[in-house]
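Asks: Chains as they are written, first to last, in this note's numbering: chain A, 1 to 395; chain B, 396 to 940.
Among these hints, one or two may not hold up.
Stated by the list, open to error - Derived DEER-like restraints, expressed as beta-carbon distance ranges:
1) A:Ile375 / B:Thr784: 50 to 58 Å
2) A:Tyr231 / B:Thr755: 37 to 45 Å
3) B:Asp576 / A:Leu106: 38 to 46 Å
4) A:Lys328 / B:Ala478: 31 to 39 Å
5) A:Asp388 / B:Lys538: 22 to 30 Å
6) B:Pro680 / A:Met135: 35 to 43 Å
7) A:Ser99 / B:Asn802: 30 to 38 Å
8) A:Trp30 / B:Gly480: 52 to 60 Å
9) B:Lys932 / A:Pro60: 35 to 43 Å
10) A:Phe178 / B:Thr755: 31 to 39 Å
To be verified - One side only, chain A facing chain B, incomplete, derived with CB under 8 Å:
11) Arg357
12) Lys385
13) Arg389
The hints are simulated quantities; they were obtained by calculation from the structure and are not laboratory data.
In this text, a Cβ means the ideal position worked out from N, Cα and C, and glycines have one as well.
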Amino acid sequence: MSIEEGDKLHVVTADDISNNKKRLGKFLVWGSALILIFTLLIQALDTNAYLTIGLETWRPSLYAYVLWAFCLCASQVLTRGEHGKRVLFVLPAALFVISMVVFPLLFGLVIAFSDWNLSSPDGRTFNGWDNVRQMWVDPFYWNALKNMVWYTLVIILEYTVAFGLAILLNSQIRGRKFFRVAFLLPLMLSPVAVSWMIGKSMLEIRFGPISRFLRWLASEPSTDLPALLYYPGMYIADIAQWFGWASPSFFGSAGIARAMIMAMDAWTFIPFMMIMILAGLQAIPRELYEASEVDGASKWRQFLEITFPLMLPVSITAVLIRIIFKLKLADIIINITSGGPGGATDSVTSFIFREYRDRSNVGYGTLLAIVYLVIIVIAMTVLIKIADRWMKPRY
Amino acid sequence: MKVDLYNAIVSAQMSRRKMLKGSASLGAVAAMGGLGSAASAGAHGGVRAEIMKIPGVGMGSPGDPEWQKVGELCMGPVKERVAEGEFKGVELTFMGLNNQNLHNFLFRGFLKPWEAYTGAKINWIDLAQADYNPRLQQSIATKTVDFDIIEMGAPFEGDTAGQGLLNEMPGWVKDQIEYDDLVGYLQPPVGTWDGKAYRINIDGDCHTFCYRKDYFGTGSITGRMNPPNTWQEVNQISKDVVGKTDPLTGLPAHGFLDPLKGWGGFGMYFLTDRAGPYVKHPDDPAFLFDIDTMKPRINNPGWVQAIQDVMDLIKIEGAYPADQINADPGTTGFQQFLAGTGSMLTWWGDIGSNARTSDTSVIGDVVGFSAIPGSDRVYNHGKGAWENTYNEAPNNAYLGWGVYVTNRVEGDAKKRKAAWSAAAHIGGKDISLWTSAYPSGFQPYRNSHFNYDEWEAAGYDRAFVEDYLGSNLDTYNHPNSLNEPRIPGIFQYYSVAEDELAKGYAGQYGSAQETADAIAVAWEKITDQIGRESQVKLYKAALGL
Chain A
1 MSIEEGDKLH VVTADDISNN KKRLGKFLVW GSALILIFTL LIQALDTNAY LTIGLETWRP
61 SLYAYVLWAF CLCASQVLTR GEHGKRVLFV LPAALFVISM VVFPLLFGLV IAFSDWNLSS
121 PDGRTFNGWD NVRQMWVDPF YWNALKNMVW YTLVIILEYT VAFGLAILLN SQIRGRKFFR
181 VAFLLPLMLS PVAVSWMIGK SMLEIRFGPI SRFLRWLASE PSTDLPALLY YPGMYIADIA
241 QWFGWASPSF FGSAGIARAM IMAMDAWTFI PFMMIMILAG LQAIPRELYE ASEVDGASKW
301 RQFLEITFPL MLPVSITAVL IRIIFKLKLA DIIINITSGG PGGATDSVTS FIFREYRDRS
361 NVGYGTLLAI VYLVIIVIAM TVLIKIADRW MKPRY
Chain B
396 MKVDLYNAIV SAQMSRRKML KGSASLGAVA AMGGLGSAAS AGAHGGVRAE IMKIPGVGMG
456 SPGDPEWQKV GELCMGPVKE RVAEGEFKGV ELTFMGLNNQ NLHNFLFRGF LKPWEAYTGA
516 KINWIDLAQA DYNPRLQQSI ATKTVDFDII EMGAPFEGDT AGQGLLNEMP GWVKDQIEYD
576 DLVGYLQPPV GTWDGKAYRI NIDGDCHTFC YRKDYFGTGS ITGRMNPPNT WQEVNQISKD
636 VVGKTDPLTG LPAHGFLDPL KGWGGFGMYF LTDRAGPYVK HPDDPAFLFD IDTMKPRINN
696 PGWVQAIQDV MDLIKIEGAY PADQINADPG TTGFQQFLAG TGSMLTWWGD IGSNARTSDT
756 SVIGDVVGFS AIPGSDRVYN HGKGAWENTY NEAPNNAYLG WGVYVTNRVE GDAKKRKAAW
816 SAAAHIGGKD ISLWTSAYPS GFQPYRNSHF NYDEWEAAGY DRAFVEDYLG SNLDTYNHPN
876 SLNEPRIPGI FQYYSVAEDE LAKGYAGQYG SAQETADAIA VAWEKITDQI GRESQVKLYK
936 AALGL
């Protein structure tokens with residue numbers, strides 16, 4: 001065995017690939033590619049009634065694609081020897097990803113630019129930019145996007161709370177292990193369970209314990225109570241009545257309903273950010289704090305100069321992942337408000353759900369989803385770039 | 396019969412001496428070899444009396460052995476038309492629901508003797524209710540219908556029969572199932588398209604009016620002796636009770652409970668309850684769209700009045716319970732009305748049954764039922780004017796379940812006959828009496844189901860049964876009832892209407908008219924998308940025109 005000179009990847013065999021092998025490899029690739037193109041062409045012509053073969057499914061194209069993929073892999077070995085074998089560690093996976101992600105995305109794009117209502121006897125028809133035009137003037141979609149901005153902005157608050165909790169759990173408090181587990185519990189719950197347990201049960205306006213408690217607060221205390229309890233009770237009742245708690249309503253008005261959805265979603269996902277930040281906090285070297293103490297830094301100064309800057313990479317990662325989660329917010333809304341009152345709590349995903357599931361409007365629903373995906377990709381890219389630039393001068 | 400309703404009846408009469416009376420009757424029937432039914436005649440009567448004893452009212456829930464036994468006893472009509480082993484080698488696929496472990500499970504039991512006799516084999520596709528619509532729509536859209544027999548609601552007929560996916564019912568099936576026995580509203584055009592019959596009915600459905608009896612009568616908080624007859628009275632009562640105390644719960648009293656939040660399209664049925672008497676003129680078969688153009692009528696003065704009635708109550712603080720804007724029909728029915736909040740409601744039969752059986756119900760002793768109220772005036776869409784005459788238009792919401800055969804059987808005479816024979820067996824006259832009387836998930840739907848003697852002979856409390864069956868019968872046979880339009884995508888129309896209504900109720904539109912106009916625009920878009928020409932054609936076909 002010898003090592004090829006200059007090969008940083010240490011190819012141990014010097015391949016002597018004959019021209020015949022190379023020709024065979026090229027023949028396999030191009031031959032199978034031609035078969036694939038031919039099959040696709042036949043299939044397309046048959047589907048569009050230019051041919052009358054009567055192919056019932058797209059399986060022939062799938063088989064042709066698998067054949068091409070297999071030939072492509074084989075040709076790598078035939079034409080490139082050991083280099084080709086190394087490619088085989090990645091190529092099948094790459095082809096699989098292309099099959100499972102890129103192709104469906106392309107098909108999704110085709111559907112997005114189609115008029116496809118499942119109830120239409122005409123089936124799917126290409127309709128150009130009509131869906132985009134419809135989206136442009138669709139008040140429900142823009143309303144949902146606007147709501148998403150509000151929902152996303154709340155992450156700042158969620159992050160603050162998560163940071164605070166993480167610092168608390170990182171300090172030497174009593175029952176720290178218990179609280180770490182307890183604070184994680186909401187994250188383990190399904191949002192559907194949260195929406196039923198809290199939104200539909202605890203906040204139920206007549207029997208829900210929270211409603212009852214608020215009503216109790218708003219009720220006037222018994223005159224039999226001693227003055228020491230009666231007057232504070234009256235004072236509390238006045239305040240509670242001013243807040244409208246005599247007849248509490250958690251999803252009746254736009255602002256409160258949106259806030260309740262935000263609160264339930266935050267309750268579920270704050271632990272997620274908290275646990276990431278906590279992991280980051282534990283990774284900060286203790287020596288830094290000790291050195292700052294020697295320099296006479298206060299706790300607040302330590303936080304500003306050590307903790308927060310060092311936590312920025314973790315924080316940004318946590319916030320970005322949280323934004324991705326937030327942009328998919330739907331289950332709580334669908335279960336509790338169906339987007340109401342009057343669209344005040346609608347998210348893009350819950351609107352697409354109604355458009356797609358209740359109205360079988362596949363083409364338009366897909367376009368909305370694709371546009372949303374593009375918005376998310378652009379927004380996240382910009383955010384990552386900004387975060388990157390912001391952090392660079394400090395490190 | 397719906398499971399809850401069966402339990403309600405059984406539990407209601409268990410504690411009474413009527414149970415003894417019923418048992419005595421049952422015993423008498425048994426002693427007479429099943430010939431005790433005065434209404435039954437000949438062999439049919441014998442079978443009917445016999446199956447009504449399986450397992451006997453109040454004798455526990457029937458299961459697969461009982462279903463098979465009933466199926467076996469009702470094989471007579473099949474044997475008259477099919478020779479033993481005639482379908483040997485035939486395989487059929489049946490798609491249906493698995494709700495409450497009934498539906499398909501019940502059909503399996505009924506059809507086991509049929510399979511044994513005919514030699515055919517049935518494969519089953521069991522679906523949860525929530526999966527049903529997507530599965531059906533995707534099968535249709537992707538042209539992958541993989542079932543020969545389907546249990547289906549009438550609203551989906553537009554999507555299936557309208558697109559030529561169903562097989563026409565042969566004449567002999569009509570004879571076997573005694574098609575003419577169906578109650579009025581299930582007679583053609585329901586179940587037919589372009590004059591061709593496709594549906595074997597196995598169920599009935601309608602909305603009825605539920606009210607609290609303790610809100611009416613001498614000294615009641617409404618000051619009225621009787622429940623309302625018109626929607627105008629309903630609204631007046633809702634306004635009158637504001638600020639008063641509920642006689643049962645001691646909490647604030649409320650009148651009619653409108654669901655103001657959508658329910659996947661089903662919420663639209665509840666606005667239709669209100670709008671029916673305003674918009675369904677007896678001389679006009681249509682009430683949702685113009686017949687020749689599919690132009691929506693949702694923004695005509697009748698529908699706008701119904702929306703306005705709801706908006707009027709929204710404006711009055713206390714007319715509805717707090718948070719009503721977030722109440723869907725599930726909330727109004729189960730969390731509010733059954734729990735003692737509110738005094739009037741429209742719903743399917745579930746509320747009546749749960750009123751007596753549900754642990755959370757407090758109104759079992761004070762609940763009453765009637766047909767949906769009428770109106771003092773009706774809008775004549777053709778003339779474009781209101782007419783000041785009393786009008787009733789009860790809502791046969793959803794039309795119940797049916798069994799259909801798909802066109803996969805075409806070209807194979809043996810398979811076609813087998814599919815229709817199996818469908819006819821589970822939609823037969825005698826077997827349907829049993830499904831009406833025992834837990835099955837299905838309601839009565841034939842005139843022969845309203846023969847109270849048969850029920851009494853089986854052990855039912857006659858008064859209760861007459862009350863229960865009577866309220867359905869009044870709605871079923873009403874000459875001006877609202878029937879499902881059955882056009883393709885009907886739930887798309889309902890769903891988008893819910894979205895716009897939610898905005899209207901939240902005050903985002905200036906008026907009821909503006910809200911209705913927004914719905915009309917959205918409906919026009921759906922019609923254009925599905926295809927106006929085909930929708931017009933199918934709407935006419937659905938109306939039997």
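Asks: Run every hint past the structure and note whether it holds.
Replies: Each hint tested on the structure:
Under the hint 50 to 58 Å, the C-beta atoms of isoleucine 375 of chain A and threonine 784 of chain B, about 56 Å apart, fit the expected range. Judged by the Cβ atoms, the range 37 to 45 Å given for tyrosine 231 of chain A and threonine 755 of chain B holds: they are separated by roughly 39 Å. Range check, aspartate 576 of chain B to leucine 106 of chain A: about 55 Å between beta-carbon atoms, so the 38 to 46 Å window is missed. Taking 31 to 39 Å as the suggested C-beta distance range, the pair lysine 328 of chain A and alanine 478 of chain B does not conform, at roughly 60 Å.
With their beta carbons about 50 Å apart, aspartate 388 of chain A and lysine 538 of chain B fall outside the hinted range of 22 to 30 Å. In this structure the hint that proline 680 of chain B and methionine 135 of chain A lie 35 to 43 Å apart at CB holds, the actual value being about 37 Å. Roughly 35 Å separates the CB atoms of serine 99 of chain A and asparagine 802 of chain B, a value that falls within the hinted 30 to 38 Å. Checked against the given bound of 52 to 60 Å, the beta carbons of tryptophan 30 of chain A and glycine 480 of chain B, roughly 59 Å apart, stay inside it.
The beta-carbon spacing between lysine 932 of chain B and proline 60 of chain A, approximately 36 Å, falls within the hinted interval of 35 to 43 Å. As the Cβ distance of phenylalanine 178 of chain A to threonine 755 of chain B is approximately 36 Å, the hint placing it in 31 to 39 Å holds. Restraint check, arginine 357 of chain A versus chain B: the minimum CB separation of about 7 Å is within 8 Å; hint holds. At its closest, the beta carbon of lysine 385 of chain A sits 37 Å from a beta carbon of chain B; the interface hint therefore is violated under the 8 Å criterion.
Contact between arginine 389 of chain A and chain B, as hinted, is not supported at the beta carbon level, the nearest pair being about 41 Å apart and thus beyond 8 Å.
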